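S.K.: Below, each chain spelled out in residue letters.
2 protein chains.
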Amino acid sequence: MAVYTQVSDEALAAFLAEYDLGTPLSFKGIAEGVENSNYYLETSTGRYILTLFEKRVNAADLPYFIGLKQHLAAKGYPCPEPIMGRDGQALRTLEGRPAVIISFLEGLSPRKPNVAQCRELGAGMARMHVALADFAMTRENSLGPASWPRLWKGHEADADALQAGLAEFIAGDLAAIASAKPHSLILPRGTIHADLFPDNAFFLGDRFTGAIDFYFACTDALSYDLAVCLNAWAFEDGGRDSVDYNFSKGAALIAGYESVRPLEPAERAALPLLCRAAAIRFFLTRLIDWSSTPAGALVRPKNPLEYAHRLAFHRKVQTAEGYGA
Amino acid sequence: MAVYTQVSDEALAAFLAEYDLGTPLSFKGIAEGVENSNYYLETSTGRYILTLFEKRVNAADLPYFIGLKQHLAAKGYPCPEPIMGRDGQALRTLEGRPAVIISFLEGLSPRKPNVAQCRELGAGMARMHVALADFAMTRENSLGPASWPRLWKGHEADADALQAGLAEFIAGDLAAIASAKPHSLILPRGTIHADLFPDNAFFLGDRFTGAIDFYFACTDALSYDLAVCLNAWAFEDGGRDSVDYNFSKGAALIAGYESVRPLEPAERAALPLLCRAAAIRFFLTRLIDWSSTPAGALVRPKNPLEYAHRLAFHRKVQTAEGYGA
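These protein sequence lines map, in sequence, to chains A and B. If you're matching positions, the first sequence starts at -3 in the working numbering and goes up one per residue. If you're matching positions, the second sequence starts at -3 in the working numbering and goes up one per residue.
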């Protein structure tokens, strides 16, 4: 639900005058993305997405995100390609915000991915990791373990309000991950998407047609990206208090990934802890959004409990086999 | 800001199977419209809009709205055309809601219309009135004067909270319009859009390319539609407490209208009261939305004061010349 910045007629016309994209034929706000404002833009030369970066995105990171997509697109990987203005620049300013035009990507985001889509997604993510192996730019994971104590501080009561005793469990997860940290240093690292939820993946039928929304991408353990996806794709949220790991989906996702890039033994060994770490990251940011939103708001943020339930599952898993690897 | 109903993969596939529209290539929620959920839908045969009707729309009215657009489209008037399923029906059910697929209309909604666009809009609306002159279906204006006492009841304090003394002014407006009601019976009637705000009109440059969102259309005085547009197009909202009538825009809008359908003397005479009536209608519905939204909500409704300021202007206008007619 996101169009935070309105674009005036004059500002849009002046912005498009910097490009060779022809005349605008349609311009509609898209109710997708929670970090930025996105518009469907159609011109006499084709269809595009215009993104305005809102406050939560650090402007200093934008050249990294744009360079990453340019790198992928140059390798033929299906993702939105930043469109250059006449000056050769993709990043400029619109309505006081950093803004880019990117190419339009066909495909539909699955609301409830099936097993075949999970397998395709795994393979598609592995191809992304391989295509980015020679991407030279780096970016620290700003939502990695080092950030969690700061995110968690002051929210213990919010967690207990969601579920009695939850704060103590979370503290235990944080301690377990902190003590395991030295082991993670041997994991193969590279450029990861870090937010490849079904919202950010497109399919035509069961065929993966591309990934979007690289605004959490960073340099981190490749297998952490797989762990994010296991959390995002292989669990089924039931009612308020239930969430189930779908073993077939998880196994297919891992098998798809390994069909392109087989996991190393250290990555397999680390998988349960990586899944727990990924769940902590999304639990914490959801908890903050949840507790900072007034009770009567029209738009409710996503429920952090979905990730508390995932954490409860991950705590019991000892080996990669527990996920179907 | 509107996608109230999420559409599952299976529901979308089953829905599209009822049409000859080919396979879906893109499906994105659009952040437009406040009454319904709208999706951009691209298939192998073209681009469409999929609309799900939410609770505020009376399902019994839908055949009227669909028939109206079919009538206009058959006459070549630029508006979204309802797409028939294989069974010859345009209206069906998706995710438990009434839903239609309509054709995609090119054009951009002006954020701040210029004088040339106001003239074109006036002419475009008059062409709509003419094209609908032989439309046989009728629908009462559910937000006409008869509905206002019910809308107003219990909101006097909300009005005074916005601006001290406002409730007394509104009561005066309601009384003035009620006592003038018999005179309005001689005004030419027909099918009107009743909500042709800039959001609902498309342009390419200064050329009017069509109207959308006919979900307030009804049978009423044609000149009331012009009065709605004068309120919506010819005022400029300044800061919190200022709103100015732009005489050039208003005059252009009326002149554009009259270039297609000249106003009758009774319509000219009634224009100030019709403008006041139109302002009351939008003031009241905005007041209700405003006072029913919690203070901390992420999405704020439109400020009713913009229409209180218009009312203050209309109260002083005695003749159509005051609007540039």
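Take these hints with a grain of salt, some might be off.
For chains that are exact copies, the list does not tell them apart, and a pair is met inside one copy or across any two.
Distance condition first, Cα-Cα at most 20 Å in a straight line; then the derived SDA-like pairs of lysine to any residue [unchecked claim]: (1) K298 / Y0; (2) K71 / G161; (3) K71 / L158; (4) K298 / S40; (5) K71 / E136; (6) K298 / T1; (7) K108 / G92; (8) K298 / M80; (9) K108 / S143; (10) K108 / F23.
Hint data in this document are derived by calculation from the structure and do not stem from the laboratory. Note that the structure is predicted; figures quoted are calculated from it, not measured.
S.K.: Under a CA distance limit of 20 Å, which applies to K71 and E136: within one copy, between copies, both, or neither?
M.R.: Answer is neither; intra-copy 24 Å and inter-copy 60 Å both fail.
S.K.: 20 Å Cα cut-off: does K298 pair with Y0 within a copy, between copies, both or neither?
M.R.: Classified as both; 19 Å inside a copy, 15 Å across copies.
S.K.: Checking K71 and G161: alpha-carbon separation at most 20 Å within a copy, between copies, both or neither?
M.R.: This pair counts as neither: shortest intra-copy Cα distance 49 Å, inter-copy 67 Å.
S.K.: What label fits K71 with L158 when the C-alpha limit is 20 Å: within, between, both, or neither?
M.R.: Answer is neither; intra-copy 45 Å and inter-copy 58 Å both fail.
S.K.: Checking K108 and S143: alpha-carbon separation at most 20 Å within a copy, between copies, both or neither?
M.R.: Result: close neither inside a copy nor across copies, 31 Å intra and 44 Å inter.
S.K.: At most 20 Å between CA atoms: does that hold for K108 and G92 within a copy, between copies, both, or neither?
M.R.: Cα proximity of K108 and G92: across copies only (18 Å, versus 37 Å in one copy).
S.K.: At most 20 Å between C-alpha atoms: does K298 with T1 qualify within a copy, between copies, both, or neither?
M.R.: between (22 Å within a copy, 16 Å between copies)
S.K.: For K298 and S40, with the copy left unspecified, which applies at a CA distance of at most 20 Å: within, between, both, or neither?
M.R.: neither (38 Å within a copy, 34 Å between copies)
S.K.: Please work out whether the CA atoms of K298 and M80 approach to 20 Å or closer within one copy, between two copies, in both situations, or in neither?
M.R.: Intra 35 Å, inter 37 Å, cutoff 20 Å: neither.
S.K.: With identical chains treated as interchangeable, where does the CA-CA distance between K108 and F23 reach 20 Å or less: within a copy, between copies, both, or neither?
M.R.: between (29 Å within a copy, 15 Å between copies)
Comparing the model with each earlier hint shows violations of hints 2, 3, 4, 5, 8 and 9; every other hint is respected.
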